[in-house]
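*Asks:* Here are the chains, one letter per residue:
Protein chains: 2
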Amino acid sequence: MRNMISQTPTPPYYAVIFTSIRTEGDNGYAEMADRMVELARQQEGFLGVESARNEVGITVSYWRDLESIRRWKENSEHSFAREKGRKEWYQSFKVRIAKVESDYGFVI
Amino acid sequence: MRNMISQTPTPPYYAVIFTSIRTEGDNGYAEMADRMVELARQQEGFLGVESARNEVGITVSYWRDLESIRRWKENSEHSFAREKGRKEWYQSFKVRIAKVESDYGFVI
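Read top to bottom, the protein sequences are chains A and B. The first sequence begins at 54 in the numbering used here and counts up one residue at a time. The second sequence begins at 54 in the numbering used here and counts up one residue at a time.
I should point out that these hints are in silico values taken from the structure, not numbers from a laboratory. Keep in mind that a hint or two might mislead.
Any copy will do: because identical chains look the same in the list, a pair fits if it lies in one copy or spans two.
[Stated by the list, open to error] In silico lysine to any residue, SDA-like type, Cα no more than 25 Å apart, as pairs: (1) LYS140 x THR61; (2) LYS152 x THR76; (3) LYS152 x SER59; (4) LYS140 x MET57; (5) LYS140 x LYS152; (6) LYS137 x TYR157; (7) LYS137 x ARG94; (8) LYS137 x GLU120; (9) LYS137 x PRO65; (10) LYS140 x ARG117; (11) LYS140 x ASP156; (12) LYS152 x GLU77; (13) LYS152 x VAL69; (14) LYS140 x GLY98; (15) LYS137 x PHE159; (16) LYS152 x GLU141; (17) LYS137 x SER121.
Given the sequences, and given the hints that come with them, work out the whole structure.
*Replies:* As structure tokens, then:
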């Protein structure tokens with residue numbers, strides 16, 4: 054997976070900011086995380102994803118609208134992964150759904 | 054610096070999502086990054102910050118409103134650091150300003 058700065062369109066669009074602290078050990082996490090990114094990319098309205106982890110992991114996915122986010126949340130494979138996350142992979146997590154109103158920067 | 058999941062208030066509030074790719078070498082970056090977090094914490098309207106870096110670095114800071122974000126952007130020490138960032142520290146970066154509309158999760 055290439056992990057770069059997402060080339061998102063002109064705002065407005067939506068960001069899902071997922072911040073987490075992992076439990077010890079992999080327990081199938083890395084494979085599932087890769088699979089979820091692969092699957093997210095196939096969803097209608099998906100605009101990009103950025104991810105990094107040290108003590109805290111942050112994954113920001115970008116979406117065209119709230120409807121796209123809702124559909125992704127209801128995806129059955131994603132729902133199964135979220136359930137595993139709550140039970141096994143995350144000590145703590147927080148999901149924030151936010152409307153991107155403006156952006157700037159330089160991306161090569 | 055303790056790097057945890059921020060205990061933000063009930064939405065709405067704002068998130069500044071800063072995604073970057075660094076240039077080679079430290080060149081004073083780490084010290085300045087710590088200083089900027091320290092300084093941000095002192096600003097009125099600051100609600101929290103989360104940060105992680107691998108290939109891509111992601112720092113999400115949370116703010117009460119757009120006015121708090123504007124004042125922080127105009128802070129002179131922060132402006133100086135941003136200028137250094139553009140010239141020396143970042144190969145690419147993107148800043149997205151987003152209104153957090155909802156959140157969920159469990160944070161210990």
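*Asks:* None of the hints should be skipped; say for each whether it holds.
*Replies:* Cross-check of the supplied hints:
1. Taking identical chains as interchangeable, the C-alpha atoms of LYS140 and THR61 lie at most 25 Å apart only when they sit on different chains, with a minimum of 23 Å there against 33 Å within one chain.
2. For the homomeric pair LYS152 and THR76, neither the shortest alpha-carbon distance inside one copy (30 Å) nor that between copies (30 Å) is at most 25 Å.
3. For a Cα distance limit of 25 Å, the shortest separation of LYS152 from SER59 qualifies both inside one copy, at 16 Å, and across copies, at 19 Å.
4. In this assembly of identical chains, the alpha carbons of LYS140 and MET57 lie at most 25 Å apart only when taken from different copies (20 Å versus 30 Å within one copy).
5. When the C-alpha separation of LYS140 and LYS152 is checked against a cutoff of 25 Å, the pair qualifies neither within a copy, at 29 Å, nor between copies, at 30 Å.
6. In the homo-oligomer, the alpha carbons of LYS137 and TYR157 lie at most 25 Å apart only across protomers (17 Å), although the nearest pairing inside one protomer, at 36 Å, exceeds that limit.
7. Taking the shortest alpha-carbon separations for LYS137 and ARG94, only the intra-copy value of 21 Å comes in at or below 25 Å, while the best inter-copy value is 35 Å.
8. In this assembly of identical chains, the alpha carbons of LYS137 and GLU120 lie at most 25 Å apart only when taken from the same copy (24 Å versus 40 Å across copies).
9. Taking identical chains as interchangeable, the C-alpha atoms of LYS137 and PRO65 are never at most 25 Å apart, the minima being 32 Å within one chain and 29 Å between chains.
10. Proximity of LYS140 to ARG117 under the C-alpha cut-off of 25 Å is found in neither arrangement, the shortest distances being 30 Å within a copy and 32 Å between copies.
11. Only between protomers do LYS140 and ASP156 lie at most 25 Å apart by alpha-carbon distance; the minimum there is 19 Å, versus 36 Å within a single protomer.
12. For the identical chains of this complex, LYS152 and GLU77 are neighbours neither inside a copy (33 Å) nor across copies (33 Å), given an alpha-carbon limit of 25 Å.
13. Taking the closest pair of Cα atoms, LYS152 and VAL69 come within 25 Å of each other both inside a single copy (9 Å) and across two copies (11 Å).
14. For the homomeric pair LYS140 and GLY98, neither the shortest alpha-carbon distance inside one copy (29 Å) nor that between copies (35 Å) is at most 25 Å.
15. Within a single copy, LYS137 and PHE159 get their C-alpha atoms only as close as 37 Å, which misses the 25 Å cut-off; across copies the closest is 14 Å, which meets it.
16. Neither within a single protomer nor between protomers do LYS152 and GLU141 lie at most 25 Å apart by alpha-carbon distance, with minima of 30 Å and 31 Å respectively.
17. When the C-alpha separation of LYS137 and SER121 is checked against a cutoff of 25 Å, the pair qualifies only within one copy, where the shortest distance is 22 Å, while the shortest distance between copies is 38 Å.
Of the numbered hints stated above, those contradicted by the structure are hints 2, 5, 9, 10, 12, 14, 16, listed in ascending order.
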